[in-house]
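Peer 1: Take the sequences, apply the hints, and build the full model.
Residue 1 is where the sequence shown starts when you use our numbering, and the numbers rise one by one after that.
Because the hints were derived from the structure by calculation, they are not lab data.
Just so it is clear, CB atoms sit at the ideal spot from N, CA and C, and this is done for glycine as well.
There's no promise every hint is true.
[Said to hold, decoys possible] Straight line, CA to CA, 20 Å or less: simulated EDC-like cross-link-like pairs of lysine to aspartate or glutamate:
#	residue 1	residue 2
1	Lys14	Asp43
2	Lys119	Asp130
3	Lys129	Asp106
4	Lys123	Asp149
5	Lys131	Asp43
6	Lys14	Glu168
7	Lys131	Glu105
8	Lys123	Asp151
9	Lys129	Glu105
10	Lys119	Asp106
11	Lys131	Glu96
12	Lys129	Glu67
13	Lys131	Glu66
14	Lys119	Glu105
15	Lys131	Asp106
[What the hints assert, rightly or not] Label pairs and their calculated CB-CB ranges:
#	residue 1	residue 2	range
16	Ala192	Leu46	19 to 29 Å
17	Ala189	Leu46	23 to 33 Å
18	Val53	Ser13	19 to 29 Å
19	Arg171	Glu55	34 to 44 Å
20	Gly25	Ala189	17 to 27 Å
21	Ser193	Asn56	42 to 52 Å
22	Asn56	Gly22	22 to 32 Å
23	Ala192	Val53	37 to 47 Å
24	Lys119	Ile2	26 to 36 Å
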Amino acid sequence: MIASLRGILSFTSKDFVVLDVGGVGFQVFVPPAAIGALGSTGDEILLFTHLQVRENEMALYGFRTEEELATFRLVQTVTGIGPRVALALLSALTPERFRAAIAQEDVAALGHVPGIGPKTARKLVFDLKDKVGEPAELGVPSLAAIQADADLIAALTSLGYSVAEAQEAIRNLPREPLALEEKVRLALAYFAS
Numbered sequence: 001m002i003a004s005l006r007g008i009l010s011f012t013s014k015d016f017v018v019l020d021v022g023g024v025g026f027q028v029f030v031p032p033a034a035i036g037a038l039g040s041t042g043d044e045i046l047l048f049t050h051l052q053v054r055e056n057e058m059a060l061y062g063f064r065t066e067e068e069l070a071t072f073r074l075v076q077t078v079t080g081i082g083p084r085v086a087l088a089l090l091s092a093l094t095p096e097r098f099r100a101a102i103a104q105e106d107v108a109a110l111g112h113v114p115g116i117g118p119k120t121a122r123k124l125v126f127d128l129k130d131k132v133g134e135p136a137e138l139g140v141p142s143l144a145a146i147q148a149d150a151d152l153i154a155a156l157t158s159l160g161y162s163v164a165e166a167q168e169a170i171r172n173l174p175r176e177p178l179a180l181e182e183k184v185r186l187a188l189a190y191f192a193s
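Peer 2: This is the structure in structure tokens:
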């Protein structure tokens, strides 16, 4: 119904933003880790949205990419998973990492998400494995690449960047294997641009 919103970021909270679109303020729930990467108050932003209508409430959920939105919707096809857990999942894992965890049946990675215990993680894998494809089809990164990304996130967060900012930098870095120091240098150059 409301596919996207473009407007001025007028307020941020720990789990939602208010987006001013033509003088109307829309409260949009977003993954908490993404709030810092959306921009500053007064910036114009675009969010891809999902309107959830329930018996006694309407809620709008927003995402920076269409892939995040698709993952949010996919996760909610699993019985017992609601929008809050889906947002927590997207705060902890990028859509690529989530699909890789499902394809590789990595219950441990899913179990680290707040609101998802081992039983729910197994249910996610069981229900979604056929929907995300095989690891080779997804271009699933090797364990070494995953560890290298985790090391880079740790290095950038120790320098004061948020996890969302670190993930954004990783998405914009070359995928070739580089030393951690070189990746940090490239990430800092990305932030400076």
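Peer 1: Hints first: check each against the structure and report whether it holds.
Peer 2: Results for each hint:
no. : hint                          : in the structure
1   : Lys14 with Asp43              : holds (18 Å)
2   : Lys119 with Asp130            : holds (18 Å)
3   : Lys129 with Asp106            : holds (11 Å)
4   : Lys123 with Asp149            : violated (27 Å)
5   : Lys131 with Asp43             : violated (36 Å)
6   : Lys14 with Glu168             : holds (19 Å)
7   : Lys131 with Glu105            : holds (13 Å)
8   : Lys123 with Asp151            : violated (29 Å)
9   : Lys129 with Glu105            : holds (8 Å)
10  : Lys119 with Asp106            : holds (13 Å)
11  : Lys131 with Glu96             : holds (14 Å)
12  : Lys129 with Glu67             : holds (17 Å)
13  : Lys131 with Glu66             : holds (17 Å)
14  : Lys119 with Glu105            : holds (13 Å)
15  : Lys131 with Asp106            : holds (16 Å)
16  : Ala192 with Leu46: 19 to 29 Å : holds (23 Å)
17  : Ala189 with Leu46: 23 to 33 Å : holds (25 Å)
18  : Val53 with Ser13: 19 to 29 Å  : holds (22 Å)
19  : Arg171 with Glu55: 34 to 44 Å : holds (38 Å)
20  : Gly25 with Ala189: 17 to 27 Å : violated (36 Å)
21  : Ser193 with Asn56: 42 to 52 Å : holds (46 Å)
22  : Asn56 with Gly22: 22 to 32 Å  : holds (27 Å)
23  : Ala192 with Val53: 37 to 47 Å : holds (43 Å)
24  : Lys119 with Ile2: 26 to 36 Å  : holds (34 Å)
Going down the numbered hints, you'll see the structure goes against 4, 5, 8 and 20, while the others check out.
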